[in-house]
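Trainee: Sequence:
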Amino acid sequence: MAELVGLVSSIATLAAAGFHVARKISTVADDLGTAGAQIKGIAVDTKAVAIILRDIEAKLLSGKDSSRSLNEDTREVLAEVVELCRHEIEDLNQNLASLKDNGGRGDTAQLKQKAKWLFDKPKIAAKQASLDSLKLTLGLLLHNVRLFDGDHLQDLSVDHSTPLVNEQRTNTTVVMVHEIDGQEPPPTYRATIEHQDKTRAHGSMIAFEETESEIKIAGLSLSDVDAPRLSDKTSRDMVLAGPPKDLVKVQEKVKCLATNRQMKRDARRAERAMKLEAWKERKEAKRTARAAWREDRRAVRA
203 MAELVGLVSS IATLAAAGFH VARKISTVAD DLGTAGAQIK GIAVDTKAVA
253 IILRDIEAKL LSGKDSSRSL NEDTREVLAE VVELCRHEIE DLNQNLASLK
303 DNGGRGDTAQ LKQKAKWLFD KPKIAAKQAS LDSLKLTLGL LLHNVRLFDG
353 DHLQDLSVDH STPLVNEQRT NTTVVMVHEI DGQEPPPTYR ATIEHQDKTR
403 AHGSMIAFEE TESEIKIAGL SLSDVDAPRL SDKTSRDMVL AGPPKDLVKV
453 QEKVKCLATN RQMKRDARRA ERAMKLEAWK ERKEAKRTAR AAWREDRRAV
503 RA
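According to my numbering, the residues represented by the sequence shown are 203 to 504, in order.
Treat the hints loosely; a few may be bogus.
In silico BS3-like cross-links for lysine-lysine, where the CA-CA straight-line distance does not exceed 30 Å [stated by the list, open to error]:
1) Lys488 <-> Lys477
2) Lys482 <-> Lys337
3) Lys325 <-> Lys488
4) Lys488 <-> Lys337
Distance windows between CB atoms, simulated [as the list claims (entries may be wrong)]:
5) Asp468 <-> Glu205: 35 to 41 Å
6) Pro324 <-> Lys482: 19 to 25 Å
7) Arg503 <-> Leu338: 34 to 40 Å
8) Ala494 <-> Asn462: 45 to 51 Å
Rather than coming from a laboratory, the hints here were simulated on the basis of the structure.
The C-beta atom is built at its ideal place from N, Cα and C for all residues, glycine as well.
Can you make the complete structure from the sequences, with help from the hints?
Mentor: Here is the structure:
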């Protein structure tokens, strides 16, 4: 519990520092005018990291029981990510230490000289990539914290201290008539039987008592087949015996095939998503390298 309280306090302090650094970078960008437009992205990313940290802090504090809201693994990963955020924010703050505060706006040329590192393309690209990675990781952790929050957990425990109530169940059984007197099988008919299962306390003994039985036969056409009429007792025994074993095997096979098909489909979707993310990363890296090359060419020509 003490570790979690310390972690929440660290997150709150770090979020405040992130907002401060983001405001400072935005002020520097405004002072530089059009020359500072390229560093606006760092301020936006830093502010986004601070917002997610603040949301995580609020979610941890709003939990009913913070000691069980997070498991040990999630808490350790969150602490490591917070340290990474601290390193990035402190690095930005140190680079901005030599600049003027928000209130004092000096000469633009002097400000450019002090903020020279802000115009280094490779450093800007590396910093933005690091902040993007932190945003993604913090977003996943925030989602994990919400899942482990006590408000979203459902108590799945069953109270066995009280007897089980009688359950009213309606079973519908489809009976397949394959052959009658060696002729072609007639159309399928549906037989429905309603009964009530009475279960005693804790399910120790089950007493089955049929209170109401009703057999409904619909869609049966035997005009071309001279078949003997099934008695009520025979039809009733067929229904209570359940579907044929062959039909059960077919149903199980269909379920198995559907499960395997769903697993393969999920695997293919995950693979496509990973390939898409890798392609986006390569494309972004190429775009960044191309922009840096263009800036270098412009600098050489100048």
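Trainee: Against each hint, give a clear statement of whether it holds in the structure.
Mentor: Comparing the hints with the structure gives:
{"no.": "1", "hint": "Lys488 <-> Lys477", "result": "holds, 16 Å"}
{"no.": "2", "hint": "Lys482 <-> Lys337", "result": "holds, 17 Å"}
{"no.": "3", "hint": "Lys325 <-> Lys488", "result": "holds, 16 Å"}
{"no.": "4", "hint": "Lys488 <-> Lys337", "result": "holds, 22 Å"}
{"no.": "5", "hint": "Asp468 <-> Glu205: 35 to 41 Å", "result": "holds, 36 Å"}
{"no.": "6", "hint": "Pro324 <-> Lys482: 19 to 25 Å", "result": "holds, 20 Å"}
{"no.": "7", "hint": "Arg503 <-> Leu338: 34 to 40 Å", "result": "holds, 38 Å"}
{"no.": "8", "hint": "Ala494 <-> Asn462: 45 to 51 Å", "result": "holds, 48 Å"}
Checked against the numbered hints above, the structure breaks none of them.
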